[in-house]
Amino acid sequence: MVFTDDTEEVLFAAVALVNSAEKPDSLITPEDLAAFFDEHRYTGRFDGDRTELEAVRGLRPLLRRLLTSDRDSAVQIVNTILADAHALPRLVRHGDTDWHLHAVEDDRPLADRIAVETAMAMIDVIRTDEFSRLNICAADCSGIVLDLSRNRSRRFCSIACGNRTAVAAYRARKVDRR
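Going left to right, the sequence shown walks through residues 529 to 706 as the numbering used here numbers them.
Possibly wrong hints are sitting among the right ones.
Label pairs and their calculated CB-CB ranges [to be verified]:
no.	residue 1	residue 2	range
1	His622	Arg701	46 to 56 Å
2	Asp575	Arg701	46 to 56 Å
3	Asp600	Arg701	34 to 44 Å
4	Ala666	His622	33 to 43 Å
5	Arg593	Gly572	18 to 28 Å
6	Ala696	Arg618	46 to 56 Å
7	Phe659	Ala613	15 to 25 Å
8	Asn679	His622	26 to 36 Å
9	Val703	His622	49 to 59 Å
10	Glu633	Ala688	29 to 39 Å
11	Asp612	Ser681	32 to 42 Å
What the hints contain is simulated information worked out from the structure, not anything from laboratory work.
The beta-carbon is built from N, C-alpha and C at its ideal position, and this holds for glycine as well.
Whenever a hint applies, use it, and build me the whole structure from the sequences.
Below, the structure written as structure tokens:
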């Protein structure tokens, strides 16, 4: 394990949120947002309406910038997110999740909580200087890859991108043999 469980979960959620903007956009309805909320085990306030959906969609450019920035730029973004949210870290435990950090109240808007949780997770990335764990997909897309493998071998943002690249390579080999 590279990071703590909660940090890894938040990083996976942030990458999924950013990658949801890739074509085809997979976060367009309140139902998509509800599925995202459930899949990434968010807790606390969930309005599930268009306003909340648009606020979460609006986070994607900021989170992309944060996840793809260099270390010093990431520090500035993290500090701004935390200051703007008046974040005050505290330990919490809920459901089957052991003690972990929350930095804003559970009744804050989902977009605020996602931004702050991502900033808190990026603190671990910054402190351990593990930016090589975040890359752009090696396929013909701009998806983000979170590589937590031991040998840092993950190259694609999704199975679909990996398969598409493998099929293209196979076809190229077939053409070369003719």
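Evaluated hints:
1. Distance hint check for His622 and Arg701: the Cβ-Cβ separation is about 52 Å, which falls inside the suggested range of 46 to 56 Å.
2. The beta-carbon spacing between Asp575 and Arg701, approximately 51 Å, falls within the hinted interval of 46 to 56 Å.
3. Remark: the range hint 34 to 44 Å for Asp600 to Arg701 is upheld by a beta-carbon distance near 43 Å.
4. Range check, Ala666 to His622: about 37 Å between beta-carbon atoms, so the 33 to 43 Å window is met.
5. The hint said 18 to 28 Å for the Cβ distance between Arg593 and Gly572, and at roughly 25 Å that hint holds.
6. Checked against the hint of 46 to 56 Å, the pair Ala696 and Arg618 passes, with Cβ atoms roughly 49 Å apart.
7. In this structure, Phe659 and Ala613 meet the distance hint of 15 to 25 Å, their C-beta atoms being roughly 23 Å apart.
8. Between Asn679 and His622 the beta carbon distance is about 34 Å. The supplied range of 26 to 36 Å therefore holds.
9. The hint said 49 to 59 Å for the Cβ distance between Val703 and His622, and at roughly 55 Å that hint holds.
10. Between Glu633 and Ala688 the CB atoms are about 37 Å apart, so this pair conforms to the stated range of 29 to 39 Å.
11. At about 37 Å, the CB distance of Asp612 to Ser681 agrees with the hint of 32 to 42 Å.
Hint check: no violations occur; every hint is consistent with the structure.
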